[in-house]
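Protein chains: 4
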Amino acid sequence: MIPRYSRPQMTAIWDPQARFRIWFEIEAHATDALAALGVVPKQAAERIWEADKAAGDFDIARIDAIEAETKHDVIAFLTHVSERTGPEARFLHQGMTSSDVLDTCLAVQLKRAADILIDDLDQLLVVLKRRAEEHKLTPTIGRSHGIHAEPVTFGLKLAQAYAEFARNRTRLIAARDDVATCAISGAVGTFANIDPSVEAHVAEKLGLSVEPVSTQVIPRDRHAMFFATLGVIASSIERLATEVRHLQRTEVLEAEEYFSPGQKGSSAMPHKRNPVLTENLTGLARMVRGYVTPALENVALWHERDISHSSVERYIGPDATITLDFALARLTGVIDKLVVYPARMQKNLDRMGGLVHSQRVLLALTQAGVSREDSYRLVQRNAMKVWESDGELSLLDLLKADSEVTAALPVAEIEAKFDLDYHLKHVDTIFARVFG
Amino acid sequence: MIPRYSRPQMTAIWDPQARFRIWFEIEAHATDALAALGVVPKQAAERIWEADKAAGDFDIARIDAIEAETKHDVIAFLTHVSERTGPEARFLHQGMTSSDVLDTCLAVQLKRAADILIDDLDQLLVVLKRRAEEHKLTPTIGRSHGIHAEPVTFGLKLAQAYAEFARNRTRLIAARDDVATCAISGAVGTFANIDPSVEAHVAEKLGLSVEPVSTQVIPRDRHAMFFATLGVIASSIERLATEVRHLQRTEVLEAEEYFSPGQKGSSAMPHKRNPVLTENLTGLARMVRGYVTPALENVALWHERDISHSSVERYIGPDATITLDFALARLTGVIDKLVVYPARMQKNLDRMGGLVHSQRVLLALTQAGVSREDSYRLVQRNAMKVWESDGELSLLDLLKADSEVTAALPVAEIEAKFDLDYHLKHVDTIFARVFG
Amino acid sequence: MIPRYSRPQMTAIWDPQARFRIWFEIEAHATDALAALGVVPKQAAERIWEADKAAGDFDIARIDAIEAETKHDVIAFLTHVSERTGPEARFLHQGMTSSDVLDTCLAVQLKRAADILIDDLDQLLVVLKRRAEEHKLTPTIGRSHGIHAEPVTFGLKLAQAYAEFARNRTRLIAARDDVATCAISGAVGTFANIDPSVEAHVAEKLGLSVEPVSTQVIPRDRHAMFFATLGVIASSIERLATEVRHLQRTEVLEAEEYFSPGQKGSSAMPHKRNPVLTENLTGLARMVRGYVTPALENVALWHERDISHSSVERYIGPDATITLDFALARLTGVIDKLVVYPARMQKNLDRMGGLVHSQRVLLALTQAGVSREDSYRLVQRNAMKVWESDGELSLLDLLKADSEVTAALPVAEIEAKFDLDYHLKHVDTIFARVFG
Amino acid sequence: MIPRYSRPQMTAIWDPQARFRIWFEIEAHATDALAALGVVPKQAAERIWEADKAAGDFDIARIDAIEAETKHDVIAFLTHVSERTGPEARFLHQGMTSSDVLDTCLAVQLKRAADILIDDLDQLLVVLKRRAEEHKLTPTIGRSHGIHAEPVTFGLKLAQAYAEFARNRTRLIAARDDVATCAISGAVGTFANIDPSVEAHVAEKLGLSVEPVSTQVIPRDRHAMFFATLGVIASSIERLATEVRHLQRTEVLEAEEYFSPGQKGSSAMPHKRNPVLTENLTGLARMVRGYVTPALENVALWHERDISHSSVERYIGPDATITLDFALARLTGVIDKLVVYPARMQKNLDRMGGLVHSQRVLLALTQAGVSREDSYRLVQRNAMKVWESDGELSLLDLLKADSEVTAALPVAEIEAKFDLDYHLKHVDTIFARVFG
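Chains as they are written, first to last, in my numbering: chain A, 1 to 436; chain B, 1 to 436; chain C, 1 to 436; chain D, 1 to 436.
Among the hints, a few may not be true.
Note that identical chains are pooled: a pair holds if it fits in a single copy or bridges any two copies.
To be verified - In silico lysine-lysine, BS3-like type, Cα no more than 25 Å apart, as pairs:
no.: 1; residue 1: K42; residue 2: K347
no.: 2; residue 1: K136; residue 2: K425
no.: 3; residue 1: K205; residue 2: K400
no.: 4; residue 1: K337; residue 2: K71
no.: 5; residue 1: K53; residue 2: K42
no.: 6; residue 1: K400; residue 2: K347
no.: 7; residue 1: K205; residue 2: K71
no.: 8; residue 1: K42; residue 2: K111
no.: 9; residue 1: K129; residue 2: K337
no.: 10; residue 1: K337; residue 2: K385
no.: 11; residue 1: K129; residue 2: K71
no.: 12; residue 1: K71; residue 2: K385
no.: 13; residue 1: K385; residue 2: K400
Just so you know, these hints were derived from the structure itself, not from any lab.
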């Protein structure tokens with residue numbers, strides 16, 4: 001966890017105090033269920049909640065001290081709870097194993113983290129939609145391979161991003177539901193010492209579904225799917241961040257990250273405004289992606305369980321969710337405040353001497369009966385001259401002066417092909433698909 | 001593609017002939033839709049299908065020769081089709097761009113691959129279920145950390161695997177539907193030169209959904225999600241393969257891969273029967289996982305598109321699907337024919353001198369009013385003696401001889417705790433959850 | 001192995017015929033050494049070489065047929081050799097185990113592959129040096145964050161690449177020497193049935209060093225280091241490819257991949273010349289990097305060995321080396337023929353209205369006694385005006401008109417700061433460091 | 001950084017105070033060199049050191065506050081230094097750029113981290129050597145595929161690990177030297193505003209070599225190589241940890257992690273002693289490996305530099321080095337205190353009824369003139385009976401009772417093949433290779 005790439009709400013989920021709180025709730029709810037079964041006294045179950053209410057926060061230093069001796073975190077926690085609860089605490093953890101607590105807790109944490117991330121996505125989607133609609137008809141050049149292709153609108157770029165992050169939202173909901181299961185099944189998962197109704201009760205109280213078959217641990221394919229999904233979302237962040245970085249290049253400069261008045265770009269070159277937020281997002285995306293493989297490697301535990309997954313999760317549980325939360329929020333801020341330069345977009349659109357319309361001329365020639373190969377040759381020989389002039393020559397002028405072209409296509413028809421609106425006529429269609 | 005790790009049905013999807021067939025269908029269906037719009041003559045559209053029917057297979061050598069000259073695969077293909085179709089071929093590809101063909105084709109291929117993989121999973125699930133029910137009540141020791149814990153059944157191990165692969169099936173269906181979209185939107189995806197109805201027609205004919213917003217290419221987050229899902233499935237394969245490898249260890253030997261009469265295990269040590277299939281699966285899982293990161297890196301294309309994804313997909317499209325198909329089929333074979341040794345399982349269960357029942361005694365002591373800490377100490381001091389005797393001593397005997405224990409718990413109650421069926425009483429519950 | 005990304009010399013290393021040839025040499029050299037020890041008859045050892053010479057190529061179909069039955073590749077090979085050699089073949093493989101053959105063969109293959117890759121790097125270095133010297137003093141704008149910074153030369157960019165690939169050459173030599181070891185140590189590596197002198201003989205004949213301690217297999221940390229090194233080289237390829245892709249952007253266009261007369265850039269937009277080679281290299285780099293993690297996962301074999309590494313190596317042995325060989329050769333071609341546009345570089349340099357000289361003015365102000373903060377403020381307020389004019393205003397003009405600036409710095413001194421050669425005065429220094 | 005997986009000496013390297021200390025030294029040494037050149041006053045350079053000595057620790061809260069405003073870390077630092085130094089501070093950072101400070105600082109940090117890791121490796125090597133010599137002739141079964149193969153010694157296992165970690169030491173030294181370079185070259189690396197002699201001076205003072213060609217940043221292939229090397233070392237850790245995990249399995253139990261008197265293995269099963277340290281190491285290895293790919297992705301910066309690498313390095317710089325340091329120390333502790341059970345090793349060796357000697361019999365038959373195929377058949381038919389008896393039958397007895405075997409090989413010769421020392425006769429040879 002890097003403080004500068006962290007936000008408090010997500011960080012709080014991974015705080016020791018929050019973790020022990022979840023542990024306590026799992027244990028106390030389980031004891032309630034055991035009391036309902038008559039396995040433990042009802043008063044004991046009640047006393048456990050009351051003592052906790054009275055005691056407030058857990059004494060983390062004390063728990064750490066006990067763990068230093070016992071080298072076992074759950075035993076240390078239970079000992080501490082025992083100290084502040086009294087003799088009734090012996091009814092806690094009956095028939096349970098540490099993993100029941102640890103794995104169910106992790107499920108709660110990942111579910112809460114996913115909820116924040118879904119909320120992050122919602123906020124990003126709101127901003128993307130607003131900016132997309134704002135620039136729905138702002139013409140800009142579409143580029144394939146970094147080379148000018150044909151006109152699009154800036155709104156279309158953002159609509160694409162919207163659709164992509166909407167997909168990510170759907171995927172994340174699936175991943176959250178996949179990982180949000182509760183296991184209270186005891187050693188090696190057989191319920192030998194604990195009735196399945198306890199699991200059902202705890203699951204319901206914590207908003208989880210029941211793990212159909214656990215083996216002391218919740219199977220790690222669920223977590224692998226969860227972190228893999230975060231890796232996909234991170235990659236989408238990289239895509240949009242890369243777009244902004246390109247747009248802010250000195251030679252392109254069609255959009256810029258917002259640059260606050262007091263901000264200094266470079267210690268050496270005061271004129272510089274660098275796309276540092278989106279470059280940062282590019283790096284953060286690498287990190288979140290980097291956590292996918294360890295999560296995949298965690299799946300193949302030995303027999304009913306080993307504990308190799310645990311250290312991995314101590315890193316990637318917080319790091320992946322905190323980093324992605326920060327990245328989504330940062331991206332939302334970037335898009336929200338993105339300074340867009342429609343005039344510069346138009347200028348760039350115009351600078352290629354009309355080459356962006358060559359495809360339409362090519363089609364028109366084909367439809368006028370010229371073979372595909374000949375049409376291609378006719379357009380290409382004029383296009384190349386424009387290209388080599390660095391936009392000084394105009395494709396329209398050249399085509400009108402090419403007798404082989406005009407023999408096939410009247411000048412008026414050629415001119416009609418150089419119409420920007422032609423390219424934008426289906427923007428509504430696409431927006432309707434994306435935004436409904 | 002490694003021939004020894006390939007099966008023909010999946011390999012056929014990635015065959016050039018199959019690919020060109022899909023290309024042709026995309027182009028011909030699109031031409032039908034254009035004919036319906038009146039953009040091209042109906043007879044031309046019909047002639048294209050007829051000429052193809054008459055011509056049969058594509059001449060791949062001819063296409064390669066043209067591509068060597070033009071350095072453009074779709075132009076090479078269209079030229080070849082033109083050669084065997086005649087002048088009507090000029091109505092093909094009207095308003096389309098190469099990516100419309102390439103990306104929609106890849107969607108068809110990945111969908112077909114997914115269908116085979118889903119079928120593979122179905123076959124694996126059938127076998128897992130059969131073997132699980134066969135060994136539903138075959139007792140075996142559950143192990144955490146590789147150390148004997150408490151009894152489970154061999155059927156429970158397989159039920160866990162069943163549940164895991166059933167989850168993978170659900171995930172793969174989602175990933176398939178995510179990736180199976182059709183884009184026929186022309187250069188930079190604006191439909192400037194092609195009506196959206198063409199896309200809808202082609203999508204319907206090929207069993208795809210319509211890509212809401214493409215930018216010449218179908219966005220690669222879809223593919224990333226697809227390959228990430230394959231990586232999760234591969235990790236589950238590794239888990240089950242690792243289980244078999246452990247069970248076949250000389251010292252454990254609770255199950256073995258089927259060893260055919262003619263098979264030789266080792267050139268040097270003729271007595272050896274090695275779990276080579278599951279070791280092989282472990283390696284194959286590493287490969288399928290290794291394709292996840294390149295797929296994630298493919299997402300951030302520049303602007304409307306670049307072509308960096310293409311070479312990656314030429315590798316991982318075939319390699320990931322062919323390898324996973326082979327691995328699932330091999331795993332199904334391993335489980336199907338797995339030689340299970342219940343007697344050895346029982347022998348292993350017994351070898352720890354009853355230590356596996358220590359948890360029950362611990363609980364009984366607690367419930368009899370002994371503090372958790374004291375109960376732990378009492379059980380542990382006897383358990384340690386058994387442990388150090390390497391199973392020569394019996395925990396039951398020692399406990400009955402420990403006066404501090406018998407003071408808290410009558411001998412008959414101690415004896416009752418050493419009952420195997422106690423651990424298996426909820427096997428039905430778990431099976432009902434998993435198999436319905 | 002993707003044919004279009006393969007070159008014959010590297011592919012040949014991984015050909016079955018070549019592999020069997022290496023196997024034979026290992027076996028035959030080992031038999032020579034055994035003959036020298038008196039373990040097998042000298043005539044038998046001689047006969048083995050002679051029979052092979054007479055028989056020529058191995059019958060791969062026959063070997064495959066035997067393997068299909070025995071499910072063991074080395075036994076299949078030895079049976080085939082036996083068939084074409086006669087009874088003396090029984091003296092082959094005495095005291096050896098399959099891994100002695102397989103692992104030593106892989107070492108030979110990776111060493112040969114490394115030699116080709118080193119040769120590839122040498123050719124790339126030659127081209128980089130030639131182009132670097134050609135453009136040693138071709139001014140171009142240096143960019144940080146994609147934003148114009150200060151002048152560099154195009155030769156400096158290539159000198160950086162030269163230095164980077166020279167480092168990669170050094171790393172690859174180390175990785176080659178690391179992986180090029182011979183193990184002929186028999187089952188579990190104890191030399192129980194074979195004298196260490198056999199290993200020494202085979203190692204010397206094949207140009208390998210002796211593996212100090214093998215455990216039937218050569219330890220896989222060596223291979224992991226090898227493939228990790230290929231991953232680093234691939235990343236350097238991506239860096240230089242990305243540079244070319246940026247330079248070829250329509251708005252930048254300072255350099256272009258060579259575009260042959262017959263080549264077609266796009267089926268739809270005939271004016272387009274796309275940096276498809278370097279985009280392709282970007283994708284290939286992702287693949288070579290993707291093989292690093294499976295190689296790392298191969299290290300932790302169980303006990304003395306398991307065979308999980310084998311399937312991984314069947315993929316990545318050929319795929320990583322063939323792909324990297326192709327990529328290095330393609331990159332060499334790209335740089336060799338790169339079309340460089342010095343005029344456009346100058347035009348881009350000029351388009352920022354002199355902002356690139358702001359750092360020098362800042363320094364001059366500081367040295368003239370203005371505080372760092374004030375100097376920054378003075379430069380920044382003028383620089384911002386230039387920036388916002390999109391290069392229409394000139395920083396020099398504005399500074400000369402700013403009385404607070406001229407109060408600190410005489411006009412002549414300000415003008416002296418706008419000198420391009422100032423930035424290039426240490427190009428010789430850097431070239432001397434890089435090229436010696 | 002996870003506190004429980006961190007050690008103070010390594011953590012200290014990444015402490016803000018330590019980082020600012022390095023920054024200061026870079027700046028102050030650079031100012032010395034500038035003073036030597038006459039660019040800044042000698043007294044100013046001296047005053048900077050003196051003021052620092054007087055001021056002591058940096059005020060991190062103050063620096064953070066300034067950065068919150070300026071959003072630029074190096075400017076914030078310089079402002080703070082200026083506050084505590086006085087007007088002479090304006091001579092700091094002359095002609096430098098932030099990256100000169102940041103990248104050179106990172107080089108110092110990684111070099112220091114590497115030095116600690118090399119020291120860790122040295123300590124591990126000492127322990128491995130001691131335990132290897134202790135168990136040089138402790139017989140144990142060698143296992144391939146988890147199946148008993150032929151005898152080795154426990155010392156040989158550790159000698160293999162020694163050789164592997166000795167290789168890792170060599171690799172790490174190379175990686176350290178690769179990454180330990182100094183760049184003080186100013187904006188875009190041209191030395192336009194700073195003489196190369198400054199860089200040489202700073203490099204010498206900090207024990208770094210000079211970066212031949214930087215582009216504002218030190219090229220990231222160096223860092224990629226560094227982190228890839230850490231990934232290889234982590235994989236070797238996983239290998240040895242996996243060995244211990246296997247040896248501690250209940251059924252094998254040839255060695256155990258040291259289990260301190262107060263330690264509790266499981267909250268539920270008090271008899272359990274789990275290999276939790278080596279399982280933990282397995283997970284930590286996954287993490288260190290997971291940082292390799294982000295480091296590789298960091299190489300391809302845009303043009304002269306972008307800052308996407310920076311966030312990645314904020315994570316993996318500390319996390320990879322701290323985790324690996326902890327893991328090496330933990331592994332050293334595990335091996336140092338490993339409880340080895342030679343009696344159990346012997347018991348396991350014996351349990352296969354002499355099958356481990358089958359290879360020798362096979363060879364003897366071959367040398368006695370029986371064909372390889374017949375020899376194999378003879379040994380295998382007896383071996384299979386032993387195998388199926390689960391060690392109840394003895395291979396020696398069966399062979400002596402097999403008339404086809406005794407016809408080829410006298411009984412005394414058969415018996416001579418069942419000699420354990422035969423397998424250990426080259427242990428000295430191997431130890432001499434490894435330990436010199």
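Results of checking the hints against the structure:
Within a single copy, K42 and K347 get their C-alpha atoms no closer than 77 Å, and across copies no closer than 42 Å, so neither meets the 25 Å cut-off. Taking CA atoms no more than 25 Å apart as the test, K136 paired with K425 passes inside one copy only; the shortest distance there is 12 Å, against 50 Å between copies. Taking the shortest Cα distances, K205 and K400 never come within 25 Å of each other, neither inside one copy (76 Å) nor across copies (42 Å). Taking CA atoms no more than 25 Å apart as the test, K337 paired with K71 passes between copies only; the shortest distance there is 17 Å, against 50 Å inside one copy.
Proximity of K53 to K42 under the C-alpha cut-off of 25 Å is restricted to the intra-copy arrangement: shortest distance 17 Å within a copy versus 67 Å between copies. For the identical chains of this complex, K400 and K347 are intra-copy neighbours only, at 23 Å inside a copy versus 30 Å across copies, given an alpha-carbon limit of 25 Å. When the C-alpha separation of K205 and K71 is checked against a cutoff of 25 Å, the pair qualifies neither within a copy, at 30 Å, nor between copies, at 45 Å. In this homomeric assembly, K42 and K111 never come within 25 Å of each other (Cα to Cα): the closest approach is 30 Å inside a single copy and 56 Å across copies.
Taking identical chains as interchangeable, the C-alpha atoms of K129 and K337 lie at most 25 Å apart only when both belong to the same chain, with a minimum of 13 Å there against 45 Å between chains. Only between protomers do K337 and K385 lie at most 25 Å apart by alpha-carbon distance; the minimum there is 21 Å, versus 40 Å within a single protomer. Within a single copy, K129 and K71 get their C-alpha atoms no closer than 52 Å, and across copies no closer than 29 Å, so neither meets the 25 Å cut-off. Within a single copy, K71 and K385 get their C-alpha atoms only as close as 77 Å, which misses the 25 Å cut-off; across copies the closest is 22 Å, which meets it.
Taking the shortest alpha-carbon separations for K385 and K400, only the intra-copy value of 14 Å comes in at or below 25 Å, while the best inter-copy value is 41 Å.
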